[in-house]
Amino acid sequence: MKKTLFDKIWDEHVVESISAGPDILYIDKHLIHEVTSPQAFNELKERGISILRPNQIVATADHNTPTENQHLPIKDLLSRNQLRQLTKNCEDNNITLYGLGHPYNGIVHVMAPELGITQPGMTIVCGDSHTSTHGAFGTIAFGIGTSQVAQVFASQCLLVDKPKKLRVNVNGKLRNGVLPKDVILYIISKLGTNSGTGYFCEYAGNVFEEMSMEGRMTVCNMSIEMGARGGLIAPDETTFDYLEGKEFAPKEEDFEMMKVYWKTLKTEEGAEFDQEYSIDASEIEPMITYGTNPGMGIKLSDSIPKSTGKSDENALEYMGFKEGESLIDKPINYIFIGSCTNSRIEDFRTVANYIKGKQKAANVNALIVPGSRQVAEQIKAEGLQLIFEEAGFSLRQPGCSACLAMNDDKIPAGEYCVSTSNRNFEGRQGQGSRTLLASPLTAAATAIAGKITNFTQNLN
Amino acid sequence: MEKFISLTDTAVPLDIENIDTDQIIPARFLKATDKEGFGENLFRDWRFNKAGNPIDEFNLNNKKYKGSILVAGNNFGCGSSREHAAWALKAYGFKVIISSYFADIFKGNSLNNGLLPLQVSPEFLKKTFTAIHKDPLAKLHIDLENQLIKITSTAESEKFEIDPYKKNCLINGFDDIDFLVSRKEAIQKFEEKTFQF
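Chains A and B, in that order, give the protein sequences. If you count the first sequence from 1, position 194 lands on 194 in the working numbering, and the numbers rise without skipping. Start counting at 1 in the second sequence, then tack on 1000, and there's your number in the working numbering.
Take every hint as true, because none was put in to throw you off.
Beyond 10 angstroms from chain A on every Cβ pair, some chain B residues (computed):
(1) Thr1010
(2) Phe1058
(3) Asn1061
(4) Lys1063
(5) Tyr1092
(6) Phe1124
(7) Thr1130
(8) Asp1143
(9) Lys1150
(10) Ser1153
(11) Ser1157
(12) Glu1161
With a Cα cut of at most 30 angstroms, we get these calculated DSSO-like pairs of lysine-lysine:
(13) Lys1035(B) / Lys75(A)
(14) Lys1189(B) / Lys259(A)
(15) Lys164(A) / Lys1167(B)
(16) Lys251(A) / Lys1189(B)
(17) Lys310(A) / Lys1139(B)
(18) Lys88(A) / Lys1090(B)
(19) Lys306(A) / Lys322(A)
(20) Lys1193(B) / Lys246(A)
(21) Lys1193(B) / Lys164(A)
(22) Lys1064(B) / Lys1003(B)
(23) Lys1193(B) / Lys3(A)
(24) Lys45(A) / Lys1090(B)
(25) Lys1064(B) / Lys310(A)
(26) Lys310(A) / Lys1127(B)
(27) Lys259(A) / Lys1193(B)
(28) Lys1090(B) / Lys162(A)
(29) Lys266(A) / Lys1193(B)
(30) Lys190(A) / Lys330(A)
(31) Lys1184(B) / Lys164(A)
(32) Lys1139(B) / Lys1066(B)
(33) Lys1095(B) / Lys45(A)
(34) Lys8(A) / Lys259(A)
(35) Lys1050(B) / Lys310(A)
(36) Lys3(A) / Lys1184(B)
(37) Lys1095(B) / Lys1159(B)
By construction, these hints were calculated from the structure, which means they are not laboratory data. We put the beta carbon where it would ideally sit given N, CA and C, even for glycine.
Generate the whole structure from the sequences, applying the supplied hints.
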């Protein structure tokens, strides 16, 4: 039987298959952070089990970290304790930690790819649902719960049922102003938030082939928002060029040898998928969400659709919107550009390019949070910092920040925030906050206008 | 892990679709380093207003409803992978969650904590809500061995699916760590014969 990209990687990693049960899947890399790991470390300690392969684990601090004064002790005692616990657990178990202040520190899904830890053909897990991001390199990468973190600690394996296979093809030419974020928001709005449940999704077609690695990561990142455990894109020259020279990527002859293998990682002609969708790229326009799940998205030029039930009505009531209305000209006081979805250098170049020589509107608080220390350094090196400062944007230190508001970066109750993050759930960015998901370009344009604007008319 | 074999109890209805794990347990409560105390913050922002007073209209605060079964709308547990959601539901006292669809990661997390995510057909879910709305003390009977759920007041029942491996784990109180550790030799053999990144 012809194999898909997903089959090839999965089958290579099956240690054993339990009859009428799950597979024992070998995990190459295990990424951990401060929020979902402490209970797993405790679990092992209580059972007297040691960590099987500490050298295959990499840790970072990201979810709970402040984005100002990172050199000072963290004010919030619970956060400080959680980070201290992570440091201790890593020290006790010989695990590499890129903690706060380390030059490699950053959001787990930004840090690992930019260091070359993420490589094609790997299986990667992390106690975070956006682990799907790493699929951009042609890996099987998925989020796990804390019990599973403990399982990987103990055995470097997981018991998992092989998911079904889904392929989303996007072919054609993208319109001016349409970014990878718009592509994935469009896909989710068309297919729905649970269309991918039980599946792993391969993204195929010229739109993804022509996308940068940063763009592919944005797309794969949000696979979980349609319910898919993960998403992946076949590795190609773009992938190899990105990886070459990265800190932990193979070097010279090893790299060439790996490339031979990596090139075999693609879906064979005629391989079957359990479900397949095709989308015409020219249909896609800049997108924005109006509700309380990522599937509730519309084109900037569209109006809010009719509610189909109580859940829709509740979402609109929470957001303070009405069916049939357009979002254009809605005043917006908060902008967040960051998160594991859109906090890579390409995102900030796009924003800087749009706002250069402009000023944010007086009503707007615009927060820019790089995904990692390396991205922050690059922002400085490329002179983008100056552009942000001159436009009145607040450039912070790296972390997950206002995406989930575990630190002080919260959106006040009742306020709207156009955000480049991945979730618009009730209260996600702070109690009572109202999130509108969009691309970095849409967020930048909103910041300048002080309201939602159909910026595509002004693009050259 | 605690065993689960069968249960007969009343249920709390939560007829809302796409309940995400951010609602089940908001991110600001994820700063703990142990598994204790999440029950009091279960559905925090739906259960309590900003001043910390209970919101009467929310069904968990409605004295009419009680029991260790939660009946929820389609696509329960979507979003974040936080296992704190399963811990919060368990600590609050729920043993079974019934819905017509569960998000993958939440489903796995629940099973790893002896909390049964029981998937029924959309029709049966509707019948369950109707029965509870009619009589808040209507009991549900769940028989894991025979994979059967029954609304005792109406005698309506439905077979449900569950992975045979996971069913065995629940009935016997086994968990995946024990099993995986027992396969250590096979795992090491696999490592020897396979390319290592």
